[in-house]
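*Asks:* Line by line, the protein sequences give chains A and B. Residue numbers -2 to 66, in this note's numbering, belong to the letters of the first sequence in order. Residue numbers -2 to 66, in this note's numbering, belong to the letters of the second sequence in order.
Just so you know, the hints here were simulated from the structure itself, not pulled from any lab data. You may find that some hints are simply not true.
[As the list claims (entries may be wrong)] SDA-like, lysine to any residue: derived pairs with alpha carbons at most 20 Å apart:
1. B/Lys18 - A/Ser15
2. B/Lys18 - A/Glu31
3. A/Lys18 - B/Ser15
4. A/Lys18 - A/Glu31
5. B/Lys18 - A/Thr9
6. A/Lys18 - B/Cys10
7. A/Lys18 - A/Thr0
8. A/Lys18 - B/Ser16
Given the structure is predicted, the values throughout are model-derived calculations rather than measurements.
There are 2 protein chains.
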Amino acid sequence: MTTTTYTVQGMTCGHCVSSVKEEVGAVEGVTGVEVDLPTGRVTVTSEGSVPDESVAAAVREAGYEVVPA
Amino acid sequence: MTTTTYTVQGMTCGHCVSSVKEEVGAVEGVTGVEVDLPTGRVTVTSEGSVPDESVAAAVREAGYEVVPA
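Chain A with its partners taken away, still in its complex shape (with noise of 0.2 Å):
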């Protein structure tokens, strides 16, 4: 199990949240995704790696952005 955590900007409220939660959890080999608003950050679980660009691109569906570390 992996576990990886990314920063996510623009998100404001609840439904911002599930709108990430939505996309990433449908990204190939991922298992939770966990979103703490306040500060943007998503814990993303995965079987095996996931490309941190598939990450971003869900992000990018659900409207927002990853900040780059």
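Using the hints provided, position chain B relative to the given structure of chain A.
*Replies:* Then chain B, alone, in the frame of chain A:
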């Protein structure tokens, strides 16, 4: 046709706007709902008059509050 404007606090993004439009739009007699996110102004168009309390209840249902005039 009656047009009434309310101020709603707590909306932060387009998802919030959609939630308010959906709930208020479902109130009996309401024929249109426009929301201006920056100001929180919600303009409700209806056939005949709709009780303010019905609109306020729908706004609460969406998770927000009408600011008393």
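*Asks:* Decide, hint by hint, whether the structure agrees.
*Replies:* Hints, one by one, checked against the model:
1. B/Lys18 - A/Ser15: 19 Å, holds
2. B/Lys18 - A/Glu31: 28 Å, violated
3. A/Lys18 - B/Ser15: 19 Å, holds
4. A/Lys18 - A/Glu31: Distance ~7 Å between lysine 18 of chain A and glutamate 31 of chain A Cα, so the pair holds.
5. B/Lys18 - A/Thr9: 18 Å, holds
6. A/Lys18 - B/Cys10: 17 Å, holds
7. A/Lys18 - A/Thr0: 15 Å, holds
8. A/Lys18 - B/Ser16: Within the cut-off at roughly 18 Å; holds.
Going through the hint list in order, the structure does not satisfy hint 2, though it satisfies all others.
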